Amino acid sequence: MVAAKMRASEDARDLGAPKAAPEIDWKASFGKGDLVDWQLFMLELRVVGYFTSKKQCREALQNVYVNIVDLLEAIKAGNRPHRFETPQQLREYTRKTKKFYPKSLIPKGHPVRSLFVQLNTKGRRRN
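If you read the sequence shown in this note's numbering, its first letter stands for residue -3, the second for the next number, and so on.
The set of hints was computed from the structure by calculation and includes no laboratory data.
Just so you know, these numbers come straight off a predicted model, no measurement behind them.
Treat the hints with care, since some could be wrong.
Below, simulated SDA-like cross-link-like pairs (lysine to any residue); rule was C-alpha separation at most 20 Å, straight line [what the hints assert, rightly or not]:
1) K104 - G45
2) K51 - R109
3) K99 - R109
4) K72 - S49
5) K28 - K95
6) K50 - L36
7) K95 - H78
8) K50 - K72
9) K95 - V62
10) K51 - I102
11) K94 - K104
12) K51 - K72
13) K72 - Q35
14) K51 - D30
15) K51 - H106
16) K104 - V44
17) K72 - K95
18) K92 - Y61
19) K50 - M38
20) K104 - Y89
21) K104 - K92
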């Protein structure tokens, strides 16, 4: 579903530089960010629950830790994204693999923005 709509650029293979972020047509891939889009995103992440508002979705995502580059690649390939147990595990993995995704590339109000974790503090979300 979402995977068929996504387009990704080639990954940067230089280990000294951050990996290239997949290029996404956000509206075509995930919709405009209305409630149905959020609900579909929750299904993609395998977050269990019945969500009747965006606020409920955001609250449920507070305990979901996934690398956004890995998430986009997993969706494209039709796979399940790896979920980390703690924000610290996600931070360590992201720094080690250099798989950073620029927040500025994700439209405001989009569900993926809810997944951002500050890499320089202890678990705070950046929305």
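For each hint, the structure was consulted:
This hinted pair does not check out: K104 and G45 have alpha carbons roughly 24 Å apart, beyond 20 Å. Under the criterion of a C-alpha separation no larger than 20 Å, the hint pairing K51 with R109 is consistent with the structure, at around 13 Å. Taken as a hint, the K99 and R109 pair is honoured in the structure, with Cα atoms around 7 Å apart against an allowance of 20 Å. With a C-alpha separation of about 26 Å, the suggested pair K72 and S49 falls outside the 20 Å cut-off, and the hint is violated.
Between K28 and K95, the direct Cα distance comes to roughly 25 Å. Violation of the 20 Å bound is thereby established for this hinted pair. Restraint check for K50 and L36: the C-alpha separation of about 12 Å stays at or below 20 Å, so the hint holds. This hinted pair checks out: K95 and H78 have alpha carbons roughly 13 Å apart, not beyond 20 Å. Straight-line distance between C-alpha atoms of K50 and K72 comes to about 24 Å, which puts the hinted pair past the 20 Å bound.
Our distance criterion of 20 Å between C-alpha atoms is met by K95 and V62, whose separation comes to about 11 Å. Distance hint between K51 and I102 is fulfilled; the C-alpha atoms sit about 18 Å from each other, no more than 20 Å. The hinted pair formed by K94 and K104 fails the criterion: a straight-line CA distance of about 24 Å is larger than 20 Å. A threshold of 20 Å between alpha carbons decides the hint, and for K51 with K72 the separation of about 26 Å lies outside it, so the pair is violated.
Distance restraint check for K72 and Q35: the Cα-Cα separation of roughly 18 Å lies within the 20 Å cut-off, and the hinted pair is therefore satisfied. Taken as a hint, the K51 and D30 pair is honoured in the structure, with Cα atoms around 12 Å apart against an allowance of 20 Å. Under the criterion of a C-alpha separation no larger than 20 Å, the hint pairing K51 with H106 is consistent with the structure, at around 12 Å. For the proposed pair K104 and V44, the alpha carbon gap of about 24 Å is over 20 Å, so the pair is violated.
Proposed proximity of K72 and K95 is supported: the alpha carbons are some 16 Å apart, at most 20 Å. Under the criterion of a C-alpha separation no larger than 20 Å, the hint pairing K92 with Y61 is consistent with the structure, at around 16 Å. A hinted pair counts as satisfied when its Cα atoms are at most 20 Å apart, and K50 with M38 qualifies at roughly 10 Å. Under the criterion of a C-alpha separation no larger than 20 Å, the hint pairing K104 with Y89 is inconsistent with the structure, at around 25 Å.
For the hint linking K104 to K92, the alpha-carbon distance of about 27 Å lies beyond 20 Å, and the restraint is violated.
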